[in-house]
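In order, the protein sequences belong to chains A and B.
Here the first sequence is numbered in this note's numbering, starting from 1 and rising by one per residue.
Here the second sequence is numbered in this note's numbering, starting from 1 and rising by one per residue.
No lab work stands behind these hints, which were simulated from the structure alone.
Keep in mind that a hint or two might mislead.
Have a look at the derived ranges for each label pair, beta carbon to beta carbon [as the list claims (entries may be wrong)]:
(1) A:Ser29 - B:Glu499: 31 to 37 Å
(2) A:Asp73 - B:Lys337: 54 to 60 Å
(3) A:Lys305 - B:Ser698: 39 to 45 Å
(4) B:Ser404 - A:Asp73: 50 to 56 Å
(5) A:Lys227 - B:Gly326: 35 to 41 Å
(6) A:Asp6 - B:Val195: 30 to 36 Å
(7) B:Glu352 - A:Arg261: 24 to 30 Å
(8) A:Glu267 - B:Trp25: 42 to 48 Å
(9) A:Lys305 - B:Lys337: 48 to 54 Å
Covered, in the sense of this in silico footprint (three residues per stretch, anywhere, with C-beta under 8 Å from a C-beta of chain A), are these stretches of chain B [claimed, not checked]:
(10) 599 to 611
(11) 628 to 638
(12) 656 to 665
(13) 678 to 691
Beta carbons are placed, not taken as given, at the ideal position from N, Cα and C, and that holds for glycine.
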Amino acid sequence: MSLLGDIIDRVLFPNREIHGIPVLDGAFSPNQRLDQARRLGGEIERPDDIAPGPDGALYVSTGNRILRCTGDDFDAREVFATLDGPVGGLACLPDGRLLACVSGRGLIALSPSGEIVGKLESVGGGTIACPLSVTAAPDGAVYLTDGSRTNAPELWLTDLMQNRAPSGRLIACNSALGGAKVVADRLAWPLGVAVSADGREIWVAESWTHRLTAFAPDGGGKRIIVKNYTGYPGRLDRSASGEAWMAFLALRTQLTEFVLRERAFCEEMMRTVPSELWIGPALDGRLNPREPTQIGRIKKLGIQKPWAPPRSYGLVARLDADGEAAETWHSRVDGRVHGVTTIRRIGSRVLAVSKGRDCLVELPLGRGAQEG
Amino acid sequence: MKSLQRFWHRNSPQLFLGELLEKRWMEPIIPFTLTIAVFLFFALAIPNYLRPSSLQELMRNFAEQGMVAVAMAFSILSGGLDLSVGAVFAMANFLAIYLYLILGLPLPVTIVLVILFGAAMGAINGGLIAYGKTRPFLTTLVVLIIVRAAYNKVTVAYTNELASIDLGSGVWDFMGTGRILGVPVNMAALIVLAVSTHFFLTRVKPGVHIMAVGSSRKAARHAGVNVKRVLFSAYVISGSIAALAGVFYAARQNSSGTDTGVGWEINALAAVVLGGISLAGGRGTIARAVMGAAIIFMLISGMVRLGISGNLTTAVIGIILLVAVGFNVKWVKNKGKVLQKVYVTPSWVDFEPPPSVERGSGTPFAENDRLKDAEAIALNKIEGPEDIILDRKDNLYTVNRNGSIIRFLAPDYEVREEFARIGGRPLGLAFDRDQNLLVCIAGMGVYGVKPDRTVFKVTDRTTRTRTRLKDDSRLYLADDLDVAPDGKIYFSEASTRYELADWALDGFEGRGNGRLICHDPATGVTRTVLKNLAFPNGICLSHDGQSVLWASTWLCQINRYWIAGPKAGTSELLIDNLPGYCDNINRASDGKYWLAFVGLRTPVYDLAMRNPSFRTRMVKQIPPDEWLCPGINFGCVVKFDDNGVVTESLWDPGGLSHPTITSIREHKGYLYIGGLENNRIGRIRLADADPTWEAHKSYWERA
Chain A
1 MSLLGDIIDR
11 VLFPNREIHG
21 IPVLDGAFSP
31 NQRLDQARRL
41 GGEIERPDDI
51 APGPDGALYV
61 STGNRILRCT
71 GDDFDAREVF
81 ATLDGPVGGL
91 ACLPDGRLLA
101 CVSGRGLIAL
111 SPSGEIVGKL
121 ESVGGGTIAC
131 PLSVTAAPDG
141 AVYLTDGSRT
151 NAPELWLTDL
161 MQNRAPSGRL
171 IACNSALGGA
181 KVVADRLAWP
191 LGVAVSADGR
201 EIWVAESWTH
211 RLTAFAPDGG
221 GKRIIVKNYT
231 GYPGRLDRSA
241 SGEAWMAFLA
251 LRTQLTEFVL
261 RERAFCEEMM
271 RTVPSELWIG
281 PALDGRLNPR
291 EPTQIGRIKK
301 LGIQKPWAPP
311 RSYGLVARLD
321 ADGEAAETWH
331 SRVDGRVHGV
341 TTIRRIGSRV
351 LAVSKGRDCL
361 VELPLGRGAQ
371 EG
Chain B
1 MKSLQRFWHR
11 NSPQLFLGEL
21 LEKRWMEPII
31 PFTLTIAVFL
41 FFALAIPNYL
51 RPSSLQELMR
61 NFAEQGMVAV
71 AMAFSILSGG
81 LDLSVGAVFA
91 MANFLAIYLY
101 LILGLPLPVT
111 IVLVILFGAA
121 MGAINGGLIA
131 YGKTRPFLTT
141 LVVLIIVRAA
151 YNKVTVAYTN
161 ELASIDLGSG
171 VWDFMGTGRI
181 LGVPVNMAAL
191 IVLAVSTHFF
201 LTRVKPGVHI
211 MAVGSSRKAA
221 RHAGVNVKRV
231 LFSAYVISGS
241 IAALAGVFYA
251 ARQNSSGTDT
261 GVGWEINALA
271 AVVLGGISLA
281 GGRGTIARAV
291 MGAAIIFMLI
301 SGMVRLGISG
311 NLTTAVIGII
321 LLVAVGFNVK
331 WVKNKGKVLQ
341 KVYVTPSWVD
351 FEPPPSVERG
361 SGTPFAENDR
371 LKDAEAIALN
381 KIEGPEDIIL
391 DRKDNLYTVN
401 RNGSIIRFLA
411 PDYEVREEFA
421 RIGGRPLGLA
431 FDRDQNLLVC
441 IAGMGVYGVK
451 PDRTVFKVTD
461 RTTRTRTRLK
471 DDSRLYLADD
481 LDVAPDGKIY
491 FSEASTRYEL
501 ADWALDGFEG
511 RGNGRLICHD
521 PATGVTRTVL
531 KNLAFPNGIC
541 LSHDGQSVLW
551 ASTWLCQINR
561 YWIAGPKAGT
571 SELLIDNLPG
581 YCDNINRASD
591 GKYWLAFVGL
601 RTPVYDLAMR
611 NPSFRTRMVK
621 QIPPDEWLCP
631 GINFGCVVKF
641 DDNGVVTESL
651 WDPGGLSHPT
661 ITSIREHKGY
671 LYIGGLENNR
681 IGRIRLADAD
691 PTWEAHKSYW
701 ERA
């Protein structure tokens, strides 16, 4: 019956786009370069985002706290602020204030000494309960993304598996966190946001629709840059030279996409099974004996195959000025830097956090490391 | 409602359909159905079609066409084509009349000479094609034109003689108009011919060689077949059969007209294609050619009798042929795919939440570190030790995935030697009273290795289930075995529907596809003891020798089958709802039993087991590497007693060195661990075990 439906569909809508999972190919060809990344300092418990301060320090969000890290390898760490909700996206303003996305609260501005100096809790009468990422434009405007109207940032997997109509927003405000307005609505978990170097476009990466879109600051001029990624795109970072960096939460798998289509099964799974045991992407690659297994992941002669269907994966990409991936770093199924939520260029270095494996890493750059 | 659904999924008609499609004889289903349909159509459309005289007339007119189609089939099955059959048929018809009726040669001599003529024409075709490497199409076309031209010449030259021929003898007339048991003689000859050529092509070496050459000339040559001679013989046979048809035609018609045999090669070709014989060669049967010929013959003669004009008849036949051939081509090509789509038929399995395996949960299954420091034996010297066993001299025997039995010599197990090479995929091991090593081999059956290393077959077949379409008499997937005190060998066949490589599909079905089988070496009889078991595994004789313990891997149960005592012949559930998938069971020194969990149950897989249609769609929609499967990357070892109480478990957290534990064997105070997909055998010292205990004593030296 489904075959008949497919045939009719192909006849009636010959040009309908099939949103299949692209093969990891071209710039996305698998390598092991992310596994060669150097760990900086000790473990950080589930770090989510990093932001370089104007004073050379690095701010890291972890749980309800923000750490301030200093030193060459950012290994001198102290608690900068403790907030009343899990902290997600961070951004530093040129005047030294730090913006932080706090789950259930909205956007909060902190002074260099760690005191709350400003808040943005609602826009157009509605609260911002799911702030994901924040970035500052050169002209002083602040762009914030709100992931969903129904779920908090910690429930990202629930939001994916619920498969509701997209309800995320791109919100703009001024540097004093006033004058907030919705630039774009109905976005599917817009985890990545970056402003182009000339300030004329805002790039938004939507995790659940696997695409990268550009918006004009007034919300018009929507332009899809990449319409289908193999993974779930995460945070974006834009450096002055025009290139951009993108982190991927995990890779899509045929099984996950299948379960997303199987609504009855998916709903029952969400109702009866703890979320860490669901079929779906995960950030950490640490095996839980009771998590679902796929045939390709069965160890053969004691070896976990790197090409097995990935439950968790490590992937970051350098994008050129047009948004096309130019270079990628992978940590494959048997690797150890999985679940990267953020990547940022800081001076000549590129740092990333692996939320899945609790660490801050520095990417190996240059051609020499490519043959890994 | 739920029970109805469950019943539906357990006995789905899809099962029947899947096994039906698997049958070889389902391939010509389309020509067969069409033959019946055409026959029924004319039986309804034409009055008196079914009267015996009418049927006899039909058969009489059909027989020669059927023979020519068989002749054509020979050439096509050999990978070529013989267009000259129609002309050879016509010439043979003339020759038979000329030699017998005009020259007055004896009938047997005539028949032999005519067939020799056919063979000679075939030899010209075959000689040119096989030895001269000419194209079959052009070669036989040329022979067709030459023979046809010669035929036209001679019929014109002998017009007067042909017009005034005497009637032949009684035998000649009998060949033309006689009947055997009501069947016209020529039809009887066609039946004999079809049966014997079918037998020839499928059972006799030169015939099988024709099929082999047709399938793949290169492969046949590599297999040592003389390709040229085989091709040559195929055309000789084709020409001879065409000539034989001419003899019968001559006896029936006693005349040789200018249109005799015109276009018969086209009809024969159409018949063969309609019957579904591949033009590429090697695929098809004689029966299909005859069916195809019957369809075409019935269509032509039936439409003539219905009074339809000749042009329309041709057009209708053309259209029917086109549709039928189109269907048939698609069917032959996609039958495998259809089978793939319908074969997997998941059933409904309800699971209760299992006991917790969480560390510190207090259950006997709670995770611990007891296998973490297992010593690795034979690391990277073994591939997939599904089962392990030790002999009385402490040597360690195990199975390798390449089909051999490997022995590691005591005491340090550093020396590796191939004890025996059998083939297949050896799985479960057991020693009998005489120290013969018995082994279950997936894909082969049960074999044994004597201490002097000679390999012998124990059994490879059992009683067939009469109510089942699929022939389950051959052993598909013998899995584990044990020997009873009276010497009977009890073994499990995990599945009769899937091979070992497809174990996951059997798991998706979760249906009782397996069985428990008993072989008695004293009588040599093998019989099925229990049927419809879901992946039976872990066969182990209880300590008292009165019952066989067997595990159902997919249902996570341990069962007891009584072989002696008051309950002999009955089976009972011993432990239900275990948190892992059970594999081998073996005796422990303290009167209990060791059980290997090949994997742990996962809540999502349990949920999927309650959703048969979800699993069906998953198998259809996503590639095999992505299928959800039981969590066999994590196993553990548990111990249970005769009352079905689990007392302890041994874990390798994270499955670092022992994922997929399939077997355990206790021997002299040590526990040995094997795994289906592992690269090592593990060993740990058991602190509280009897250091002198060995299985052989436990089995054979009891008071």
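Point to revise | Hint numbers contradicted by this structure | key: 6, 9
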